[in-house]
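Based on the provided sequences and hints, a complete structural model is requested.
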Amino acid sequence: MVLLGDRFEVRAYYSDNVLITKHKQVELKPAEYDSCVKMLKMDHENINKFIGLSLDGPDIIKVWKFCERGTLQNVISSNSMSIDAFFAICLIKDVAEGMNYIHQSFVSYIGSLSSATCLVSQGWQVKISDYGLDLFTNISQQMDFLWTAPELLRHSIKKPSKHSDIYSFAIICSEIITRRPAWNLEERKEKVDDSDGKNDNVFANRVNSFNVLVDI
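Residue numbers (full-length UniProt numbering): 1 to 216.
Quick caveat, the hints were computed from the structure, so don't treat them as lab data. Computed from a predicted model, the values in this text were never measured in an experiment. Backbone N, C-alpha and C fix where the C-beta goes; we use that ideal spot for every residue, glycine too. One or more of the hints may lead you astray.
[As the list claims (entries may be wrong)] Listed below are the simulated EDC-like cross-link pairs for lysine to aspartate or glutamate, each with C-alpha atoms no more than 20 Å apart in a straight line:
#, residue 1, residue 2
1, K162, D84
2, K29, D59
3, K22, D56
4, K65, E45
5, K41, D134
6, K49, E97
7, K65, E97
8, K49, D16
9, K22, E32
10, K29, D56
11, K29, D134
12, K65, D43
13, K49, E9
14, K49, E27
15, K65, E27
16, K24, D134
17, K162, E97
18, K22, D59
[Stated by the list, open to error] Quick list of simulated restraints, FRET-style, between CB atoms:
#, residue 1, residue 2, range
19, D43, K93, 13 to 23 Å
20, S15, P58, 24 to 34 Å
21, A170, M81, 33 to 43 Å
22, S78, H44, 37 to 47 Å
23, A170, F87, 13 to 23 Å
24, P58, E32, 13 to 23 Å
25, D16, F87, 24 to 34 Å
26, S80, L146, 20 to 30 Å
27, R179, A31, 18 to 28 Å
28, Q25, F86, 27 to 37 Å
In structure tokens:
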């Protein structure tokens, strides 16, 4: 089994590679089938193409187009890659354009937006993946909480929205600009509500440098 990030598996489909995500078996209603048909028709340069569902077997499998350069998370964290201000702006713009397209579509919101669900094509375009089908939208992995809006974590709202997507988008922007995880769980010693100003200064310096580079 070949993994792409911690969410996608790479599978062979005839002579091509595809990406799959696995979900617990549930009974699909006519509305879900209709949504699948509509998703097949969705087309934008900044969303990853939905290929279909596989209902045979113990799991329901979503099938997506393969993206050669992996996840945006992997690109950001790669020490061998240089990301200048122009490239960073292009990455951010791609995510914003894809998110806007989905927000304007019948899908309405993404719900699972993160740098791990944004894929990068051979031509360095960012494509949002793992969107749509409310039935399968859930926070299945603990690390997903890092991109989840506080109101969802507090359960003050029951399902994702465009607003919660914007929160996730801001986290991705932070990752791209700083080239660091938004929340450093390995090195962080203080609690979330503690602050000595050090982390704030580091982030502010990086943002100021970025602003100078792009002449804001």
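Structure-based check of each hint:
1. K162 - D84: violated (29 Å)
2. K29 - D59: holds (16 Å)
3. K22 - D56: holds (12 Å)
4. K65 - E45: Distance ~12 Å between K65 and E45 Cα, so the pair holds.
5. K41 - D134: With a Cα-Cα distance of about 17 Å, the restraint between K41 and D134 holds, given a limit of 20 Å.
6. K49 - E97: Holds. K49 to E97 sits at ~15 Å (cutoff 20 Å).
7. K65 - E97: With Cα atoms ~19 Å apart, K65 and E97 stay inside 20 Å; holds.
8. K49 - D16: Holds, at roughly 14 Å.
9. K22 - E32: Holds, at about 16 Å.
10. K29 - D56: holds (16 Å)
11. K29 - D134: holds (12 Å)
12. K65 - D43: The hint holds at about 12 Å.
13. K49 - E9: Roughly 16 Å separates the two Cα atoms, so the pair holds.
14. K49 - E27: violated (24 Å)
15. K65 - E27: Cα-Cα ~25 Å, so violated.
16. K24 - D134: With a Cα-Cα distance of about 13 Å, the restraint between K24 and D134 holds, given a limit of 20 Å.
17. K162 - E97: It holds: about 14 Å lies between the C-alpha atoms, which stays within 20 Å.
18. K22 - D59: holds (6 Å)
19. D43 - K93: 13 to 23 Å: holds (19 Å)
20. S15 - P58: 24 to 34 Å: Holds, at about 27 Å.
21. A170 - M81: 33 to 43 Å: Violated, at about 23 Å.
22. S78 - H44: 37 to 47 Å: Given range 37 to 47 Å: violated, Cβ gap about 26 Å.
23. A170 - F87: 13 to 23 Å: Because 19 Å falls inside the window, the suggested range holds.
24. P58 - E32: 13 to 23 Å: holds (18 Å)
25. D16 - F87: 24 to 34 Å: holds (28 Å)
26. S80 - L146: 20 to 30 Å: holds (24 Å)
27. R179 - A31: 18 to 28 Å: Violated: the Cβ-Cβ distance is about 41 Å, outside 18 to 28 Å.
28. Q25 - F86: 27 to 37 Å: violated (46 Å)
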